[in-house]
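Given next are the chains, with one letter for each unit.
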Amino acid sequence: MEHPVTVAIIEDHPVVAEGVASWVRSDPGQRVRLVQTARDLTGLSGVPGLSGVPGPSADVIILDLELSGELVTAQIPGLVAAGYRVVAFSGHSDPEIVMETLDNGAHAYVSKEEGRDHLVEAVLAAAADRPYVTRSQARAILADQRPARPALSEQERQALLLWFQGMSKASVGRRMSISENTVRQYISRARAKYAATGRPAPSKDALLTRAIEDGVIRPGEITPYRSFARAAAEPSLGAPDQ
Amino acid sequence: MTAVQPTAMMSGRYQRAFTVAVVFLVAGWHLAGAGGQLLHNRAAYGSFAFQGAMWLVMALAITAGSVLVLRGAPGWRPAWAVALIALAASTAAAAASPAGQMLAVNWAWGSAGWIGVLVLFRRRFSELALFLAAEALATLGVLAWDGLNRAELAGFLAVLAWSTGAQVAVAAGVRALDVAAGHAAAAARSEHAARERAATAEIIAAARHARWLALQESAVPLIAELAVGTADPGDTQVRIRCAVQAARLRRLMAEGDQVPGSLVHELHASADVAERRGIAVEIETAGLLPQVPGPARRVITDAAITILTAARSQARITLAAVTAGIAVSFVTDTGAVIHLPAAGEGVAIQQQQDGGMFWAEARWNTL
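Chains as they are written, first to last, in this note's numbering: chain A, 1 to 242; chain B, 1001 to 1367.
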């Protein structure tokens, strides 16, 4: 990458903000550059109603979902509309909050337990409009029972389940007798299907466009509405491929 | 889940019986009441053929409405379609009746009202009220068109009170019976639940005894060996045996709690012992987990204890709802070969060793 991805951290606990900054700094490739740290959203440029300065100040925002005791998931559409990509970083792991965050246009959801291993990678993926699925996101997708959820194939569900269970993607591949790349493909496709549902957002469009360009998903596989007749896809470990 | 079903079925059976009763009432009225009046006054109509045709249209509406309500609660579109057909046919029949004699020879008003009752009685009450009001207004409109005098208005009000009153009473009565059937079914369910609780208490007592027996076989000999000195606490094998027995004891205590999600609870208890050894254990759940019966839970927690005992520094336990069951998985860092205890009680166990990472999944199916 020619220039590093710029990132802003919105985090009301200074200790956590400092920890996140140190993860960003300790990335061996120095692929991410921290340009702003703020305790709330008021200092962000380019967000209507927040600041008069036009244009986003960073490529990606690492957003703590709870600022001064209040959930800020409802602010995500405004941030996304202003041109930011949002990576939610939260102590909450409630699947409903994860789903709401993604539905509002966040690129990825990283729980605080997952931060060290996933945050920098999630920021890089968001900057490139590529799907990034943490285990907490996989969990929320597996738990999703909303009528309007997208239809996932059995393989996609199985890859998500094994990933959620804690296997590495390479191990998931060996378990499913497929390549690690195919595992990534399945998981990314499941995420891309979610970008095609719910509230429209420019970040979702960008993610879908990129997924189609990358061959992760074909336009025909995008199902904005899940019919109940297709609701039966579930993984089964007793399949003969093991 | 299973406890609710008989209740729903029972109150469903009553409701169906009430529906059948309403169908007979409406069909009977149309055949005998309206049909009888139509034949009796056949000479009075300008065109008996037209009146007969309207009668047939309404008979067809009753057939369609009966099919709808016997299949289940109809949606507003089909229900109102039938109701509006009846309203149109009855208004046409009234309009074609001779002026001045309309109320005396009108057979259609009552039938139309009953058809409204048939298709709307389990929908919002305001819908039935709206329909009956529309029907009455249509009839009044025809009367007014023909020139309404005071005697006719009095007659209209009398018929309105009688027929609409009866229709509202039947609709309200069936709704009340529906509610009563729901109560009866709920009472039956609570009796069923009481019997189930008594049976559960017996099972719990038996399980406690079985647990006590299990301790006699496993923990007690180990404690005896430690006391006598034949087991050396410095020996790694003895320490592992102690860890396993400690985990079992914790699980046995946790098993006593008859709380929802008790499998999660028992796994936490099993993890507790590993955590004391410095193993970082995460437990996560995904989806709405089904209740797993005791013997199957025992198979799963036995596997958990064995795996956690072999863990080197960390373990992740997940419980995920899958089609008709639950998948409990364990991922841990261990190079050791783990011999899992036997599966059974509806639990299938799979495992995979991948370098230093061990994965196992215990799957329990309700099927």
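The set of hints was computed from the structure by calculation and includes no laboratory data.
All values derive from a computational prediction rather than experimental measurement.
Yeah, the Cβ is synthetic: ideal placement off N, Cα and C, and Gly gets one too.
Be a bit skeptical, because a hint or two may be false.
[Stated by the list, open to error] Derived coverage of chain B by chain A (criterion: at least 3 residues anywhere in the stretch with Cβ under 8 Å from a Cβ of chain A; other residues may be distant):
#: 1; region: 1223 to 1235
#: 2; region: 1294 to 1308
#: 3; region: 1322 to 1330
[What the hints assert, rightly or not] Now the stretches of chain A that chain B is said to cover, found in silico as 3 or more residues with beta-carbon under 8 Å:
#: 4; region: 142 to 155
#: 5; region: 171 to 183
Hint check results:
no., hint, in the structure
1, 1223 to 1235, "violated (count 0)"
2, 1294 to 1308, "violated (count 0)"
3, 1322 to 1330, "holds (count 4)"
4, 142 to 155, "holds (count 3)"
5, 171 to 183, "holds (count 3)"
Going through the hint list in order, the structure does not satisfy hints 1 and 2.
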